[in-house]
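Engineer: One-letter residues, chain by chain:
There are 2 protein chains.
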Amino acid sequence: MKKEINIGLLGFGTVASSLYHIFNERKKEINSLFSVPVNIKKIFTRGNSHPVPENVKGFLVKNIDEILEDKDIDIIIELIGGIGPAKGFITKAVNNGKSIITANKALLAEHGEEIFKQCLNKNVHIGFEAAVGGGIPILRAIKNGLAGDSIKSVYSIINGTSNFILSKMTNEGGKFEDVLKKAQEKGYAEADPSLDINGTDSAHKLVVLGRLAFSTSLSIKDVIIEGIKDINPLDVNFSKELGYTIKLLGILKNEDSRIEIRVHPTLIPSSCLLSKVDGVFNAFFLNTKYAGPLSLTGYGAGGNPTASAVMGDLMEIAGKIINNDNHHDFIISENINKLKVKSKNEIISRYYLRFSAMDRPGVLAKIAGILGENSISISSMIQKGRKVEGSVPIVITTHEANEEDLFKSVKLCDNLDVVSAKTVVLRIEDRIN
Amino acid sequence: MKKEINIGLLGFGTVASSLYHIFNERKKEINSLFSVPVNIKKIFTRGNSHPVPENVKGFLVKNIDEILEDKDIDIIIELIGGIGPAKGFITKAVNNGKSIITANKALLAEHGEEIFKQCLNKNVHIGFEAAVGGGIPILRAIKNGLAGDSIKSVYSIINGTSNFILSKMTNEGGKFEDVLKKAQEKGYAEADPSLDINGTDSAHKLVVLGRLAFSTSLSIKDVIIEGIKDINPLDVNFSKELGYTIKLLGILKNEDSRIEIRVHPTLIPSSCLLSKVDGVFNAFFLNTKYAGPLSLTGYGAGGNPTASAVMGDLMEIAGKIINNDNHHDFIISENINKLKVKSKNEIISRYYLRFSAMDRPGVLAKIAGILGENSISISSMIQKGRKVEGSVPIVITTHEANEEDLFKSVKLCDNLDVVSAKTVVLRIEDRIN
Chain A
1 MKKEINIGLL GFGTVASSLY HIFNERKKEI NSLFSVPVNI KKIFTRGNSH
51 PVPENVKGFL VKNIDEILED KDIDIIIELI GGIGPAKGFI TKAVNNGKSI
101 ITANKALLAE HGEEIFKQCL NKNVHIGFEA AVGGGIPILR AIKNGLAGDS
151 IKSVYSIING TSNFILSKMT NEGGKFEDVL KKAQEKGYAE ADPSLDINGT
201 DSAHKLVVLG RLAFSTSLSI KDVIIEGIKD INPLDVNFSK ELGYTIKLLG
251 ILKNEDSRIE IRVHPTLIPS SCLLSKVDGV FNAFFLNTKY AGPLSLTGYG
301 AGGNPTASAV MGDLMEIAGK IINNDNHHDF IISENINKLK VKSKNEIISR
351 YYLRFSAMDR PGVLAKIAGI LGENSISISS MIQKGRKVEG SVPIVITTHE
401 ANEEDLFKSV KLCDNLDVVS AKTVVLRIED RIN
Chain B
1 MKKEINIGLL GFGTVASSLY HIFNERKKEI NSLFSVPVNI KKIFTRGNSH
51 PVPENVKGFL VKNIDEILED KDIDIIIELI GGIGPAKGFI TKAVNNGKSI
101 ITANKALLAE HGEEIFKQCL NKNVHIGFEA AVGGGIPILR AIKNGLAGDS
151 IKSVYSIING TSNFILSKMT NEGGKFEDVL KKAQEKGYAE ADPSLDINGT
201 DSAHKLVVLG RLAFSTSLSI KDVIIEGIKD INPLDVNFSK ELGYTIKLLG
251 ILKNEDSRIE IRVHPTLIPS SCLLSKVDGV FNAFFLNTKY AGPLSLTGYG
301 AGGNPTASAV MGDLMEIAGK IINNDNHHDF IISENINKLK VKSKNEIISR
351 YYLRFSAMDR PGVLAKIAGI LGENSISISS MIQKGRKVEG SVPIVITTHE
401 ANEEDLFKSV KLCDNLDVVS AKTVVLRIED RIN
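Chains as they are written, first to last, in full-length UniProt numbering: chain A, 1 to 433; chain B, 1 to 433.
Just so you know, these hints were derived from the structure itself, not from any lab. Don't take each hint at face value.
A pair holds if it fits inside one copy or across any two, identical chains being indistinguishable in the list.
[As the list claims (entries may be wrong)] 27 Å max Cα-Cα, derived DSS-like pairs, lysine-lysine: (1) Lys-338 / Lys-27; (2) Lys-366 / Lys-87; (3) Lys-2 / Lys-320; (4) Lys-117 / Lys-338; (5) Lys-71 / Lys-2; (6) Lys-384 / Lys-411; (7) Lys-152 / Lys-276; (8) Lys-320 / Lys-117; (9) Lys-221 / Lys-62; (10) Lys-87 / Lys-320; (11) Lys-289 / Lys-143; (12) Lys-289 / Lys-276; (13) Lys-41 / Lys-71; (14) Lys-62 / Lys-175; (15) Lys-320 / Lys-143; (16) Lys-57 / Lys-122; (17) Lys-186 / Lys-41; (18) Lys-57 / Lys-92; (19) Lys-320 / Lys-3; (20) Lys-276 / Lys-240; (21) Lys-117 / Lys-28; (22) Lys-221 / Lys-87; (23) Lys-168 / Lys-276; (24) Lys-289 / Lys-41; (25) Lys-122 / Lys-320.
With the sequences and hints as input, model every part of the structure.
Structural biologist: Below, the structure is given as structure tokens:
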């Protein structure tokens, strides 16, 4: 039996400094729950982190190996982020028999399966609740709560910055660029927001989530990714008129063991609760085989919420080490599936199309003709007199269609001389939950 | 190391037959995840359950002791319900070293702490995710996900029948009795719906939830309980006019280690997402110290959702037994608190009051006078000409007031000869999440 549990903390940025604070605030409770003391023993920073308070300086080490090679350290909490050095640190720590807690979604999305295997080989634990959905215990809900169920689909809002921007555009109007600027001023978007708004951050999280949801191997290359920077107020307003709200969704589906994994702006019914999850909130709407529809909502980012998830992992892993429990989560067992992931061409969806048509007779007939010839069936159509930049918007929603057919016919339309700009294509999901 | 895990199933009603079905449908996956086979070995029914299919009859035992005393049975799944014999069965099973999974909220609310102690003494596991919120993994979210956080409050819809009735009354109108009748016809309310509509069922679940949320000892006697049978369409409509929706809420609060635990119809802002959780859905809106606001929504009852939660417990407990892990959940440790629970007189709340006033001059002055003398400060007032059964409704919402002061002044008002019926008192909660 161990005499104490020691933690090495990598990083002292927003999440790590919150964690340090929470850990100390809760220390009495933590130690009353365990039979041995749990301590943060050493901290390594790369110098570009938050100012380290005086009382923390004594824990700082200059060389990270003072942590990774310290035989008395049981758990490494990696909050440095990025793929670069973090991967090397974790690999070394695992090889030295240390368990890992990390919030590093990029690293897990890119190299998670390799890291899981290392953990399995060295018989150490890994916790990464904080990597997806910040303070929302979504991974635990899936891996424990739904361990005996079967997940059919997940519709998620997993990027607070994008959701903040789209909510503002929906509720208050405004162009993408202007709203982004406001979000940056308020600290809801970073100086370089590209990973958030181009869908990459959502895709990283979705890969980590999808592996757990379907117990399958998944790669970032499997994800269809589209961001929100081309979302136009016109589309926000037409969507509203059609009874829809545009959200950047991370979507997972498992139909007969064929997986869909995609991140893109999506029209969802304005009557559905997911459409009302606004601002920096994240949400996960699941459809399960037995439990039915389930949803979890909360803060998906920020120091305290993310640190709260790290604390949950810490309590679990410290408990396992103290109790000498080598039981691994199923996801890092050797039994994970290799389910086939659908390519873009295999997706079936409903679509929202906004054509920019010249104001001439016969335009609609031409567009409708091309759609019909390519098996794209029209569900609804809006054409109003108003001109936008010399052309008239024609909005068409389709019934379910194959993505390959859809893009083929849109391309043919875009080649018509009566279509004056690239057609906007957005996907529609009607049955969220 | 055990060669197999055997289960004894008590009951074959709605949940148990769903469980049996799911277990068999998922058997291949379950057995691929564990190193040893997991089987349902024997089933005991009390005869008043669902018809037992032919292929199940071979598992039936006549005498329950054939399960409780079978040395090869590791886990008892108790789905008989009620307090009566269930308690005896569980006690005997625990004494014989078997772990327990149960959905029995009434039993856990009344005798949970005694049962937890027995489990601790005999070093067996107990799982009861299915007792609260059906298929929603709320207990796991609290005991694992938020293990390192601190819960400040929980606002919950935990009775589907009441929520179905109130949603109908809100969205479609109608009197309580008529809507209840419709709910019974549709199978959303039982022939004897009293435990659902009088708040007892919610209170049972809230006690089980509160113990986990605050790691404290709680008794059903601690709960302030009011049901929905006196909710009048007048109050539904006045609430709407004031921007509120009436929901039967289970409320838990922890303010400076003083607990509030109460079940009552509550006015909540119609802008808040909890107010939009309609029909038979259940929901848990938590405020946590670090993770911030969190919400979980899903089916709170029914065979498959409840059985899904039982399956989650089964996967966890089977895993623990196979891995020889005697690590207990914190709630059944000896470290639980004995936090003080506020009595009714100590509650501070905002209130909605509907006075039935005679149509005479000076009535409002009298009522307002009494409220003022008793430190009840008025926030808003609605008085309209319309007469209802010979009197005029005067609706007053108050600022925060002490419950004792409030009821004292309402009693004084009710004694006025210009007040013709008992005043309706409902609580208001403005800050859900």
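Engineer: Flag every earlier hint the structure violates by its number, smallest first.
Structural biologist: 2, 9, 14, 16 and 17
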